Amino acid sequence: MIFNQAEILKEAASKVPVSDEVRAAFEFFESTGVYRTEDLRRLLGDPRETVQAGPGLLPPWAKPKNKP
Amino acid sequence: MTIAACYLSNEGVVFGADSTTTTAIEGDEHHFNYGQKVFEVGEGQSLAISTWGLGALPDVSYRTLVARFADQLAAAPSVSVLDAASRWSNLFWSEYSAQLAVALQRFRELTAKTNRTADENQELAQLSHNTIVGLCIGGHLKKDRTPEAFELVFSFDQAVPPSPKPLLPGVASFQGWPVMINRLIWGIDAEVYTAILNSGKWAGSEDELVEVALSKRFIQPNILPLREAIDFIHSAIYTTIKAMKFSQFRPYCGGPIEIGVISSDRKFRWVTHKEFDIAPQETWP
Numbered sequence: 001m002i003f004n005q006a007e008i009l010k011e012a013a014s015k016v017p018v019s020d021e022v023r024a025a026f027e028f029f030e031s032t033g034v035y036r037t038e039d040l041r042r043l044l045g046d047p048r049e050t051v052q053a054g055p056g057l058l059p060p061w062a063k064p065k066n067k068p
Numbered sequence: 069m070t071i072a073a074c075y076l077s078n079e080g081v082v083f084g085a086d087s088t089t090t091t092a093i094e095g096d097e098h099h100f101n102y103g104q105k106v107f108e109v110g111e112g113q114s115l116a117i118s119t120w121g122l123g124a125l126p127d128v129s130y131r132t133l134v135a136r137f138a139d140q141l142a143a144a145p146s147v148s149v150l151d152a153a154s155r156w157s158n159l160f161w162s163e164y165s166a167q168l169a170v171a172l173q174r175f176r177e178l179t180a181k182t183n184r185t186a187d188e189n190q191e192l193a194q195l196s197h198n199t200i201v202g203l204c205i206g207g208h209l210k211k212d213r214t215p216e217a218f219e220l221v222f223s224f225d226q227a228v229p230p231s232p233k234p235l236l237p238g239v240a241s242f243q244g245w246p247v248m249i250n251r252l253i254w255g256i257d258a259e260v261y262t263a264i265l266n267s268g269k270w271a272g273s274e275d276e277l278v279e280v281a282l283s284k285r286f287i288q289p290n291i292l293p294l295r296e297a298i299d300f301i302h303s304a305i306y307t308t309i310k311a312m313k314f315s316q317f318r319p320y321c322g323g324p325i326e327i328g329v330i331s332s333d334r335k336f337r338w339v340t341h342k343e344f345d346i347a348p349q350e351t352w353p
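From first to last, the protein sequence lines stand for chains A and B. The opening residue of the first sequence carries number 1 in this note's numbering; numbering runs sequentially from there. The opening residue of the second sequence carries number 69 in this note's numbering; numbering runs sequentially from there.
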């Protein structure tokens, strides 16, 4: 049962292609051995950004423009 | 890249980080798994510092800088954690801006240039991204033993040392690789949120997307008992490391997890700390 479910998920994942941006990021890495800075920032995040977790907190993208 | 964390509670401050440092060898990325990113300030003291971002300055290690800072505090004690954080910011900025002066000058030249080439834009992005240093300093100094912690982020777009930013009690702060922690905590990160908004397939408002996305989040508990805070920080760092390991990325986070704690009734203590023979141990059967 679990095996079948895993196979189904694997099959489903193979039908959902990654975005052009993600593909381009990995193709650049494959050809150069390093990631472009803008790819790392987009895919892994900005190291200047602190993620805060605690009661009553919301992520930054949910607060300023949407929850005045 | 790092996953670091700091948790401030009424009982104390918890510091945590992975141990991976990434360096370039002949243009290729290479990863070492036994770097140190959590430091006790002095020996038997009640201040500590964690770091993320740029792994080292060219001619002086963070370990040495923290030791010099400890010597300064021994000679002229700080009156509060905020005062210590401000002094540490000034000390670090002095070394940071001096040792990276050539790169900083190049960054300013490129920033001022209006007609940059594509290569120059790439160089500017690398200079900006690769020179960010984050530091969290915390503990207790005052006679009332109140734990406090402050965050400092150094980057080339600053002209003066950063002002210490206080952490709030009961709030865990994660630094270094924000995307994984955002997905773990919130179930979604800004990149995915924006991608949905820009897909052309979302018919609702931004507020409605926020409501849908965050309605499934795990609610965070109130201020944790200190040992539970240690477990929370350790679990989050561990999860991030494993997510990186089993992703398509290189292992930018990894190695032993180091956790240090300063409780209001004690000095700095290690919870998990790698020994100095850990790397040689790798070769043993």
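These aren't lab readings, by the way, just hints derived from the structure by calculation. In this text, all values refer to a predicted model and were calculated from it rather than measured experimentally. Backbone N, C-alpha and C fix where the C-beta goes; we use that ideal spot for every residue, glycine too. There's no promise every hint is true.
In the EDC-like style, the derived pairs of lysine to aspartate or glutamate whose C-alpha atoms are separated by at most 20 Å in a straight line are [unchecked claim]:
hint, chain 1, residue 1, chain 2, residue 2
1, B, 313, A, 39
2, B, 269, A, 39
3, B, 210, B, 111
Cβ pair distances, simulated, as ranges [to be verified]:
hint, chain 1, residue 1, chain 2, residue 2, range
4, A, 60, B, 148, 24 to 34 Å
5, B, 198, A, 26, 13 to 23 Å
6, A, 20, B, 251, 13 to 23 Å
7, A, 15, B, 333, 49 to 59 Å
8, B, 113, A, 60, 27 to 37 Å
9, B, 184, A, 60, 27 to 37 Å
10, B, 290, A, 19, 46 to 56 Å
11, B, 212, A, 22, 13 to 23 Å
Here is what the structure says about each hint:
Note on residue 313 of chain B and residue 39 of chain A: the hinted pairing holds, with a Cα-Cα distance of about 18 Å set against a maximum of 20 Å. Under the criterion of a C-alpha separation no larger than 20 Å, the hint pairing residue 269 of chain B with residue 39 of chain A is inconsistent with the structure, at around 24 Å. Annotation: proposed proximity of residue 210 of chain B to residue 111 of chain B holds, straight-line Cα distance about 18 Å (limit 20 Å). A hinted range of 24 to 34 Å for the beta carbons of residue 60 of chain A and residue 148 of chain B is consistent with their spacing of about 29 Å.
A hinted range of 13 to 23 Å holds for the C-beta pair residue 198 of chain B and residue 26 of chain A, which are about 20 Å apart. Checked against the hint of 13 to 23 Å, the pair residue 20 of chain A and residue 251 of chain B passes, with Cβ atoms roughly 21 Å apart. Checking the proposed 49 to 59 Å range against residue 15 of chain A and residue 333 of chain B shows it holds: the Cβ atoms sit about 57 Å from each other. Between residue 113 of chain B and residue 60 of chain A the beta carbon distance is about 34 Å. The supplied range of 27 to 37 Å therefore holds.
Checked against the hint of 27 to 37 Å, the pair residue 184 of chain B and residue 60 of chain A passes, with Cβ atoms roughly 29 Å apart. In this structure, residue 290 of chain B and residue 19 of chain A break the distance hint of 46 to 56 Å, their C-beta atoms being roughly 38 Å apart. Judged by the Cβ atoms, the range 13 to 23 Å given for residue 212 of chain B and residue 22 of chain A is violated: they are separated by roughly 51 Å.
Hint check: violations occur at hints 2, 10 and 11; the rest are consistent with the structure.
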